[in-house]
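Chemist: These are the residues of each chain, in order.
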Amino acid sequence: MAIKTQTVVDPFAGAPQRFAAGVLGMWVFLIVIAMLFLGAIMGYLVVRLHPDPAEPFIPKGATGLPGVLVFSTIALMASSYFMRLATQKVRLAQWQHAHAAMSATLVLAMVFLALQIIAWVTLWRNNIHFGDSLYAWTFYVLTGLHALHVLAGFIPLIRAWSKTARRAYSPEHPEGIVYCEMYWHLLGAIWLMLYFTLWLGMRT
Amino acid sequence: MTTINLSQPLDTTVRPDNYLTHTSGFMSWAFTLDHKRIGVMYMVSVLLSFFVGGVFALLVRTELLTPGQTIPGVTADVYNHFFTLHGAIMVFLVIIPSIPAALGNFIMPIMLGAKDVAFPRLNLFSYYLWVFGALFTVCSLLLGGFDTGWTFYTPYSTTTPAGGVIAALTGVFILGFSSIFTGLNFVVTVHKLRPPGMTWFRMPLFLWAIYATAIIQVLATPVLGITLLLLIVERAFNIGIFDPSMGGDPVLFQHFFWFYSHPAVYIMILPAMGIISELISVHAHRHIFGYKFIALSSIAIAIFSFLVWGHHMFISGQSPLLNTLFSLISFSVAIPSAVKVFNWMSTLYKGNIVLNTPMLYALSFLVLFTIGGLTGIHLATLNTDVHLHDTYFVVEHFHYVMMGSALIGMIGGLHHWWPKMTGRMYNETLGRVACVIVFIGFNVTFFTQFFLGSQGMPRRYYDYLPEYQIYHVISTIGSYIMALGFLLTAYYLMASLFGGRRAPANPWGGGSLEWQCSSPPPFDNFAKQPRVGDCYNFSAIRWDEKEQGYVVDPALQASVNPNLAAKNSH
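In order, the protein sequences belong to chains A and B. Using my numbering, the first residue of the first sequence is number 1, and each one after it goes up by one. Using my numbering, the first residue of the second sequence is number 1, and each one after it goes up by one.
Take the hints with a grain of salt, since some may be wrong.
A short, non-exhaustive set of chain B residues, derived as facing chain A with CB atoms under 10 angstroms [unchecked claim]:
| id | residue |
| --- | --- |
| 1 | V218 |
| 2 | A220 |
| 3 | L229 |
| 4 | P244 |
| 5 | I481 |
| 6 | A483 |
| 7 | F523 |
| 8 | D524 |
| 9 | K528 |
Distance windows between CB atoms, simulated [what the hints assert, rightly or not]:
| id | chain 1 | residue 1 | chain 2 | residue 2 | range |
| --- | --- | --- | --- | --- | --- |
| 10 | B | H191 | A | V8 | 19 to 25 angstroms |
| 11 | A | F154 | B | I440 | 34 to 40 angstroms |
| 12 | A | W95 | B | A30 | 51 to 57 angstroms |
| 13 | B | Q455 | A | E55 | 56 to 62 angstroms |
| 14 | A | F154 | B | P244 | 37 to 43 angstroms |
| 15 | B | L141 | A | F196 | 41 to 47 angstroms |
| 16 | B | L374 | A | V121 | 39 to 45 angstroms |
| 17 | A | M193 | B | N383 | 50 to 56 angstroms |
| 18 | B | G144 | A | A15 | 48 to 54 angstroms |
| 19 | A | F196 | B | G25 | 29 to 35 angstroms |
Hints listed in this document are in silico derivations from the structure and should not be mistaken for laboratory results. Since the structure is predicted, the reported quantities are computational estimates derived from the model, not experimental observations. Here a beta-carbon is modelled for each residue, glycine too, at the ideal position from N, C-alpha and C.
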């Protein structure tokens, strides 16, 4: 009897089972990321709601959140929309549309990051420096943490973008782009929550 | 009569190779995707860390033999580094990964009847994250060490001059993600890879425990991650939300930390409870009593774990209302814990108990966990906690739970599955002797600390009043006895690898699926999909002299379950 030399054992009975497991795995992963941001937001709320009586939370000279954040929010939401569109088109095997939608997603994601950088620069120029106050510290840390996750999201985005170009998905096997979409929507949702929290934090 | 029961056919067909011999060479291990090999690599790493953490424990105990300096050169400052390292290594590098990542990785997919975990590559990635986390923690020693205690409480952790704090925090952050990915993998595996017939309530109780643990790992550990991240930024830039001089709140750190670290205690104890359910049922050769209650109590403990963190902070100045609530909810943890203990005792009742090494560890667990659990009540009670907080009473309590229960459970499980993992039997007599030595040593070490604690000796102190010395001396002697027991264990386990008797497929008479494949298992676990029955029904399993192990007796099986016997005869 010949000894099998195969060392990688496929734990799944078939592709549908693998896909279902992948989707569940992504859901659990999304919960992990969500818990991370929930923790950060809770921390922000605690220091925001119990400020030092001697020192106001919002320092003098801070005039509110940078207005550019409105546009970055729109960019990220639009990017989420095109991501959704791309997945739909892959399922319909409309490759050109799928690739165009992926390109739009990617460009809007870059626009989002660029606008975030503009927001930080604006704040910095207004003398809101990282180490000066908790207001600045929390703003840079929270938005920075989110931006890092967006930046990491470029890896699956670029992969999905190139795979739609090569038509490497099939309507029956859209796995990669589906996982990518799940992650991308989560980042959009977290940004909305974060933005709302920061906006709330500016009310006195 | 030594025979007992069983429900399943054993697939003891001799296969040409097993997972250890299937491929060879360093690379075949370093890049393996086989859950069994990854489990073994975890086990070796965890046991090495256990040795290092144990050395620091002995250093701490030796230093405490006399008031003031005992070991030449060990100043109060060095002593702080010692107990910090002991705690951090034992918690983050040993106990948390010991059962889920090491034993769980090896046993869980086989028990489930699966060929591997759902994401084998992620599994290997988790292991390397563990290695990197451990390396960072070691690097922190080169950078000046850390003396914050394993809890990293602010504001001390942000202001201490010790140079290795950021490296240690980064290490623990990485270890946290290792734990998260293991948990993620296990949740998906249990949900998606159960074979036909393995319904939720047919899963072995170890799997229920691992599943409950995995849920805690993915929900609680990210909060530790963000906490450590915020702490790292704060320490690096000297400002942050835990810094009171800027309107931050150091107690917030305690809330964050215990929101993870109290569930983490259950990450440690739940899998051990799962092991005990297996050990007691298999070695008493009796159907587990109250299966559903044990299974659901694991889930109940997992849920409670998120609601009790404040009991670590009764004297931190949190509101009396919160204190009362946390105290109340903490008491209710006693209910699912007691459900388990009573069910285990009922399983033992009229069982055909064989007092071999795994069973001795299981019985030790019952004693030690009961003591550890009951002393928790003193600490959950608001007024007694004010007196006992931060004393040796707390040290005693959590060692009874984390070491006496979680670690003893792990070592019991290691003995239980050792024949399966290595294909060799260890010296049973030495095993029993070592277990008794560890049990005695443990109690001498930690029971003594009740007296120290209730008389007011604070934990983590380098120096103490002469009246405490006698207890410290007894406690230190106990720790040496325990070390002896563990060294003996290490000796006979190692010796078994070279000269041990070949293990049969089913040395103990277990009914769950891992006893259906050969020892050691083949690389793909099962040549054909195993048939799933009641894994706690031992009625058709009997001892076979020739096999020197347990086998399914078709005659017995026919009398117990004619349908299954007919199916198996095909």
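Chemist: If a hint holds in the structure, say so; if it doesn't, say that too.
Modeler: Hints and how they fare:
1. Because the smallest distance between the Cβ of B:V218 and any Cβ of chain A comes to about 5 angstroms, under 10 angstroms, the interface hint for this residue holds.
2. At its closest, the beta carbon of B:A220 sits 8 angstroms from a beta carbon of chain A; the interface hint therefore holds under the 10 angstroms criterion.
3. Annotation: B:L229 was flagged as interfacial toward chain A, and the flag holds, the nearest CB pair being 8 angstroms apart, inside 10 angstroms.
4. For the restraint placing B:P244 at the interface with chain A, the shortest Cβ-Cβ distance is roughly 8 angstroms, inside the 10 angstroms limit, so the hint holds.
5. A least Cβ separation of about 42 angstroms between B:I481 and chain A goes past the 10 angstroms threshold, and the interface hint is therefore violated.
6. Contact between B:A483 and chain A, as hinted, is not supported at the beta carbon level, the nearest pair being about 38 angstroms apart and thus beyond 10 angstroms.
7. A least Cβ separation of about 7 angstroms between B:F523 and chain A falls short of the 10 angstroms threshold, and the interface hint therefore holds.
8. A distance limit of 10 angstroms between C-beta atoms decides the matter here; for B:D524 the minimum to chain A is near 5 angstroms, and the interface restraint holds.
9. The interface hint given for B:K528 is broken, as the beta carbon of that residue sits about 13 angstroms from the closest beta carbon of chain A, more than 10 angstroms.
10. Checked against the hint of 19 to 25 angstroms, the C-beta distance between B:H191 and A:V8 comes to roughly 22 angstroms, which is consistent with it.
11. A hinted range of 34 to 40 angstroms for the beta carbons of A:F154 and B:I440 is inconsistent with their spacing of about 59 angstroms.
12. At about 40 angstroms, the CB distance of A:W95 to B:A30 disagrees with the hint of 51 to 57 angstroms.
13. As the Cβ distance of B:Q455 to A:E55 is approximately 44 angstroms, the hint placing it in 56 to 62 angstroms is violated.
14. Distance hint check: the CB atoms of A:F154 and B:P244 are about 39 angstroms apart, consistent with the given range 37 to 43 angstroms.
15. Between B:L141 and A:F196 the CB atoms are about 44 angstroms apart, so this pair conforms to the stated range of 41 to 47 angstroms.
16. Between B:L374 and A:V121 the beta carbons are some 60 angstroms apart, a value that contradicts the proposed interval 39 to 45 angstroms.
17. One distance hint, 50 to 56 angstroms for the beta-carbon pair A:M193 and B:N383, is violated here, with the actual separation near 41 angstroms.
18. Our hint of 48 to 54 angstroms for B:G144 and A:A15 holds, since their Cβ atoms are close to 53 angstroms apart.
19. In this structure, A:F196 and B:G25 break the distance hint of 29 to 35 angstroms, their C-beta atoms being roughly 55 angstroms apart.
Checked against the numbered hints above, the structure breaks hints 5, 6, 9, 11, 12, 13, 16, 17, 19 and satisfies the rest.
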